[in-house]
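Taken in sequence, the protein lines are chains A and B. Under our numbering, think of the first position of the first sequence as 1, with each following residue one higher. Under our numbering, think of the first position of the second sequence as 1, with each following residue one higher.
The set of hints was computed from the structure by calculation and includes no laboratory data. As the structure is a computational prediction, the values presented were derived from the model and not from experiment. Any given hint could turn out to be false.
Computed list of chain B residues with no C-beta within reach of chain A, every gap over 12 Å [what the hints assert, rightly or not]:
(1) Thr8
(2) Met10
(3) Leu46
(4) Gly58
(5) Cys88
(6) Phe102
(7) Thr104
In silico contact screen, one side only, chain A against chain B (beta carbon under 8 Å); selected entries [claimed, not checked]:
(8) Ile12
(9) Thr13
(10) Gln103
(11) Gly106
A short list of chain B residues far from chain A (calculated; beta carbon distances all over 10 Å) [said to hold, decoys possible]:
(12) Asn30
(13) Glu41
(14) Ala42
(15) Thr44
(16) Lys57
(17) Tyr70
(18) Leu74
(19) Asp82
(20) Ala84
(21) Leu87
(22) Arg91
(23) Thr97
(24) Asp98
Cβ atoms here follow ideal geometry from the backbone N, Cα and C, with glycine treated the same way.
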Amino acid sequence: EAQVTQNPRYLITVTGKKLTVTCSQNMNHEYMSWYRQDPGLGLRQIYYSMNVEVTDKGDVPEGYKVSRKEKRNFPLILESPSPNQTSLYFCASSLRSGAADTQYFGPGTRLTVL
Amino acid sequence: GQNIDQPTEMTATEGAIVQINCTYQTSGFNGLFWYQQHAGEAPTFLSYNVLDGLEEKGRFSSFLSRSKGYSYLLLKELQMKDSASYLCAVRDLSYNTDKLIFGTGTRLQVFP
Numbered sequence: 001e002a003q004v005t006q007n008p009r010y011l012i013t014v015t016g017k018k019l020t021v022t023c024s025q026n027m028n029h030e031y032m033s034w035y036r037q038d039p040g041l042g043l044r045q046i047y048y049s050m051n052v053e054v055t056d057k058g059d060v061p062e063g064y065k066v067s068r069k070e071k072r073n074f075p076l077i078l079e080s081p082s083p084n085q086t087s088l089y090f091c092a093s094s095l096r097s098g099a100a101d102t103q104y105f106g107p108g109t110r111l112t113v114l
Numbered sequence: 001g002q003n004i005d006q007p008t009e010m011t012a013t014e015g016a017i018v019q020i021n022c023t024y025q026t027s028g029f030n031g032l033f034w035y036q037q038h039a040g041e042a043p044t045f046l047s048y049n050v051l052d053g054l055e056e057k058g059r060f061s062s063f064l065s066r067s068k069g070y071s072y073l074l075l076k077e078l079q080m081k082d083s084a085s086y087l088c089a090v091r092d093l094s095y096n097t098d099k100l101i102f103g104t105g106t107r108l109q110v111f112p
């Protein structure tokens with residue numbers, strides 16, 4: 001089944017404890033992206049990647065890192081999480097390089113930083 | 001800068017027609033998407049407009065006017081399952097980037 005998977009789905013952690021949220025797609029998509037969704041603010045793009053080894057900042061990249069070593073994986077790294085990073089996170093992918101194509105979203109990761 | 005506006009909430013009756021508007025301001029506009037998001041779920045694609053005009057897909061249609069920075073999503077023959085948030089998103093190519101900028105979403109409630 002064609003899909004975008006994220007792990008974990010739910011995570012409660014403490015300030016400063018490094019964490020990684022994994023994202024994987026099995027559709028051979030070139031474009032991958034991370035978003036956070038907060039009430040009243042909507043979906044905001046954190047980072048995106050147009051292909052392997054090509055990543056760029058979205059609108060809210062501060063406090064996050066990403067890497068794209070393989071086409072299928074695009075992990076989101078929080079080196080030192082803070083409470084203001086408590087949010088619902090979505091990974092998404094699209095077929096072609098660039099944001100013109102339909103984005104397929106993963107199921108979301110609900111992160112709480114205490 | 002970038003700005004996308006859409007109403008926060010709308011209500012409608014089953015079987016009716018509803019129009020959800022979206023206005024945007026961005027220097028690098030290159031297409032507009034509409035996504036549907038049910039509570040607690042991921043967004044799913046509804047439509048994409050890059051040229052002016054109306055795109056129809058079953059009960060859903062989307063319109064774009066680039067000169068006015070305006071789009072709308074039209075939902076016909078509303079069903080209870082259409083109760084969801086509708087997200088307008090603009091592709092922005094300004095400053096040599098390729099980003100997707102989302103509005104805050106319109107929460108639609110359909111009543112029997």
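Identify every previously stated hint that the structure contradicts and give their numbers, smallest first. The structure conflicts with hints 1, 3, 5, 6, 7, 8, 9, 12, 13, 14, 15, 21, 22, 23 and 24, although it agrees with all the remaining ones.
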